[in-house]
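The listed protein sequences correspond, in order, to chains F and C. Per the numbering used here, the very first residue in the first sequence carries number 1; after that it's consecutive. Per the numbering used here, the very first residue in the second sequence carries number 1001; after that it's consecutive.
Hints may contain errors.
Unchecked claim - Using 20 Å as the maximum straight-line C-alpha spacing, the simulated SDA-like pairs for lysine to any residue come out as follows:
hint, chain 1, residue 1, chain 2, residue 2
1, C, Lys1438, C, Arg1393
2, C, Lys1400, F, Ile151
3, F, Lys196, F, Ile235
4, C, Lys1449, F, Pro192
5, C, Lys1438, F, Gly186
6, C, Lys1206, C, Glu1224
7, C, Lys1107, F, Ala117
Stated by the list, open to error - If the Cβ cut is set under 8 Å, some of the chain C residues that face chain F in the computed set are:
hint, residue
8, Leu1092
9, Met1341
10, Asp1364
11, Gln1368
In case anyone wonders, no lab produced these hints; they're calculated from the structure. As the structure is a computational prediction, the values presented were derived from the model and not from experiment. In this text, a Cβ means the ideal position worked out from N, Cα and C, and glycines have one as well.
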Amino acid sequence: MLTEIVIGVGILAGLGLLFATVIAIAYRKFRVYEDPRIDEVEEMLPHANCGACGLPGCRAFAEKVVGQEIQPSKCTVSSAEAIQRIAAYLGVEAGAEEKRVARLLCAGGRREAHNLADYKGTMSTCRGEAAVAGGSKACSWGCLGLGDCEIACDFDAIFMNEDGLPEVIPDLCTACGDCVKACPKGLFELMPLSQKLIVQCKSLLEGEEAESRCSVACTACGRCVADAPDGLIAIRNNLAVINYELNHLASVDATFRCPTRAIVWVESEQFVKPAAPALPLGRVERYGEEYYQ
Amino acid sequence: MSGTTLTGPLLTFRHGVHPEEYKELSCHRPIERMPFVEEYTLPLSQHIGAPAKAVVREGQYVRRGELIAEPVGFVSVGLHAPVDGTVTAIGLFDHPNGQMLPAIRIKTDPFSNQRFIPQPPIPPEQIPVADFISAVQRAGIVGLGGAAFPSHVKFSIPEGRQCRYLMMNGCECEPFLTCDHRVMVEFADELIDGTGILQHFIGAEKIYIAIEANKPDAVAILREKAAHSPMPIEVVPLQVKYPQGAEKMMITAILGEEVPSGKLPLDVGVLVSNVGTIVALSQYFRQGMPLIERVLTVTGPAVRRPTNVLVPLGTPMRAVVDFCGGITEDAVRILLGGPMMGMVQKSLDVPVVKGISGILALTDEEVQDITTYNCIRCGRCLEACPLFLNPARMGLLARKGLWEEMEELNVLDCFECAACSYVCPSGIPLVQSFRVGKAMIREKKAREK
Chain F
1 MLTEIVIGVG
11 ILAGLGLLFA
21 TVIAIAYRKF
31 RVYEDPRIDE
41 VEEMLPHANC
51 GACGLPGCRA
61 FAEKVVGQEI
71 QPSKCTVSSA
81 EAIQRIAAYL
91 GVEAGAEEKR
101 VARLLCAGGR
111 REAHNLADYK
121 GTMSTCRGEA
131 AVAGGSKACS
141 WGCLGLGDCE
151 IACDFDAIFM
161 NEDGLPEVIP
171 DLCTACGDCV
181 KACPKGLFEL
191 MPLSQKLIVQ
201 CKSLLEGEEA
211 ESRCSVACTA
221 CGRCVADAPD
231 GLIAIRNNLA
241 VINYELNHLA
251 SVDATFRCPT
261 RAIVWVESEQ
271 FVKPAAPALP
281 LGRVERYGEE
291 YYQ
Chain C
1001 MSGTTLTGPL
1011 LTFRHGVHPE
1021 EYKELSCHRP
1031 IERMPFVEEY
1041 TLPLSQHIGA
1051 PAKAVVREGQ
1061 YVRRGELIAE
1071 PVGFVSVGLH
1081 APVDGTVTAI
1091 GLFDHPNGQM
1101 LPAIRIKTDP
1111 FSNQRFIPQP
1121 PIPPEQIPVA
1131 DFISAVQRAG
1141 IVGLGGAAFP
1151 SHVKFSIPEG
1161 RQCRYLMMNG
1171 CECEPFLTCD
1181 HRVMVEFADE
1191 LIDGTGILQH
1201 FIGAEKIYIA
1211 IEANKPDAVA
1221 ILREKAAHSP
1231 MPIEVVPLQV
1241 KYPQGAEKMM
1251 ITAILGEEVP
1261 SGKLPLDVGV
1271 LVSNVGTIVA
1281 LSQYFRQGMP
1291 LIERVLTVTG
1301 PAVRRPTNVL
1311 VPLGTPMRAV
1321 VDFCGGITED
1331 AVRILLGGPM
1341 MGMVQKSLDV
1351 PVVKGISGIL
1361 ALTDEEVQDI
1371 TTYNCIRCGR
1381 CLEACPLFLN
1391 PARMGLLARK
1401 GLWEEMEELN
1411 VLDCFECAAC
1421 SYVCPSGIPL
1431 VQSFRVGKAM
1441 IREKKAREK
């Protein structure tokens, strides 16, 4: 009885020892060296795996940072302190990355844009509505307002305001680009915070034609072009286009005479009540108190 | 080959649905010619492929049938002026697909008699195949069944391939629509003639004219014409079932052969063409008339005088509807095409384009406000899907946004016939979610490129 137990234990112990040796040899032989700092840096990253840095996840980003192929500041989700900590830990430059946020290039909400039909589909997503005759809005470029971007945003940085437009909270936005992909009309664009002069319209129609469909459409009147320094703004395909290479020349002056307020000066959030124009020209009376409540 | 009588067992495919037909609204109304209106808008993109390029300028006077936009690349066709008139604008105009797309606007010349000057006929015996293909492209002929796929691309048989069967598609399985029916009855000679022209270049062993059995007059007329023709034509009545007119379903019904996933009918040696397209082919080769007008069915309970109309392309939808007595006050939905696959419209201020086979106006009674319930796994959609896909599972995946998994279930094969949505007792917007899924998959593929 006892001998059988001893034999059994002996065989198992022997086998265990044998396999342990094999594993030990394999470990020495096939070992891949990995910088232990990668784990440490990954620990310091936000674990959002959002892809804003352009890499497939935080681990891949940590590898690149440790390999000094990329600067820690490329992670737009991390706070400034976290980036400083990573930089100090690795002894590298943190780099200066300007904060970017998603901007909606449409201001035509329920109050501003004209609707031609009621979308009654049971699939209440923008993608679903866009699949049915391009959506119910008269403007075929405009925001459909069903909030696909709100759902896509992992950081709760987007909420639908009462006008039916998505509002981006700059403090929470990490410029990961998920909303850019979610929008069927391609209305989101990632912009540095320093780009304050924004044309909130994508309509390629001109004048009355554009304005009859949406009261805040760019009518390509060209007043902003005249009021801005040379080369900053140009009218291309009936739409004011800002050359952001000359962003340092931009000022709020270009927005004052816009008859539809399609071009705006954004301090941080979009769609806030605009400051009273210094030059009350054009049809400014429409933008009185009750309009932007 | 069975199914040669109207009474015997008729050929068909497996699965499918039987929606109510509503064809009696307009199927006995002869085709009327639409009078000319003041203004025509011709989108440069009326076909699948690259949009045509305008070759006229603003202020230019154009004649009826004159080329106003030329094809760009191979998968593209020309566009012709539907009236004598002046080009007033080239710019962005509303397109029936809901977008604003470049179009040419022509103001009709009120002093012109709008007579089309017939051109000398092109004898098919005297031109090589390459000239035939380019002639069809220049004539702007596209598939008039609804997809508007350029016909010359379809007619170019690649080297080493053989087209054994030619099929003329006169099924018209969509409820309400009767334009192909009327075309077969009233343009039977042109249809046989056009078939002859195509047959000359294709050289098929056998020609089938497929017609659903609910059009006995068309079957009778075409049988008689076919008997007098030297070509091996057989008129095949098919069972009345939706989507019998989808080309893959039709091939399965007639030949008993399936077109593999991702392949074209030509891979099984078949060329399918809509009957209207063949009539347009005959008109171009015999009279030199390019595709400048098409037959539309204007129908639905909300249309005062449902009928079939021969409409110049570019006519505003509103004018066509007004010609048919206008729509009643209780109209709530306008569709271009049939009720199963048609495009919902938000405005009547869009022009008639090549791919539109009908205007359908529905009242509150037909348009039910559907509430969506959860999938109860009844499996009716699986029994309806003519392609044997799994709509129930794909619908669930779409709801969760799992597009890649949908692709694995072959959502890209789906041709959006809406049979699954039609039978779903839970009112799940299946086809709509597949359209979204397909768009997402295509977008992702484009991004990866």
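Against the structure, the hints:
Taking the CA atoms of Lys1438(C) and Arg1393(C), the gap is near 15 Å; set against the 20 Å cutoff, the hint holds. A hinted pair counts as satisfied when its Cα atoms are at most 20 Å apart, and Lys1400(C) with Ile151(F) qualifies at roughly 12 Å. Among the hinted pairs, Lys196(F) with Ile235(F) is consistent with the structure: their alpha-carbon atoms are about 18 Å apart, no more than 20 Å. Between the alpha carbons of Lys1449(C) and Pro192(F) the distance comes to roughly 27 Å, so the proposed pair goes past 20 Å and is violated.
Taken as a hint, the Lys1438(C) and Gly186(F) pair is honoured in the structure, with Cα atoms around 17 Å apart against an allowance of 20 Å. Pair hint Lys1206(C) plus Glu1224(C) holds up; C-alpha atoms about 17 Å apart against a cutoff of 20 Å. A C-alpha spacing of about 28 Å is found between Lys1107(C) and Ala117(F), which places the hinted pair above 20 Å, so the restraint is violated. The beta carbon of Leu1092(C) is positioned within 8 Å of a beta carbon in chain F (closest approach about 6 Å), and the interface hint is therefore held.
The beta carbon of Met1341(C) comes no nearer than 13 Å to any beta carbon in chain F, farther than 8 Å, and the hint placing it at the interface is violated. Because the smallest distance between the Cβ of Asp1364(C) and any Cβ of chain F comes to about 12 Å, over 8 Å, the interface hint for this residue is violated. Given hint, Gln1368(C) at the interface with chain F, is violated; its Cβ is 10 Å from that chain's nearest Cβ, farther than 8 Å.
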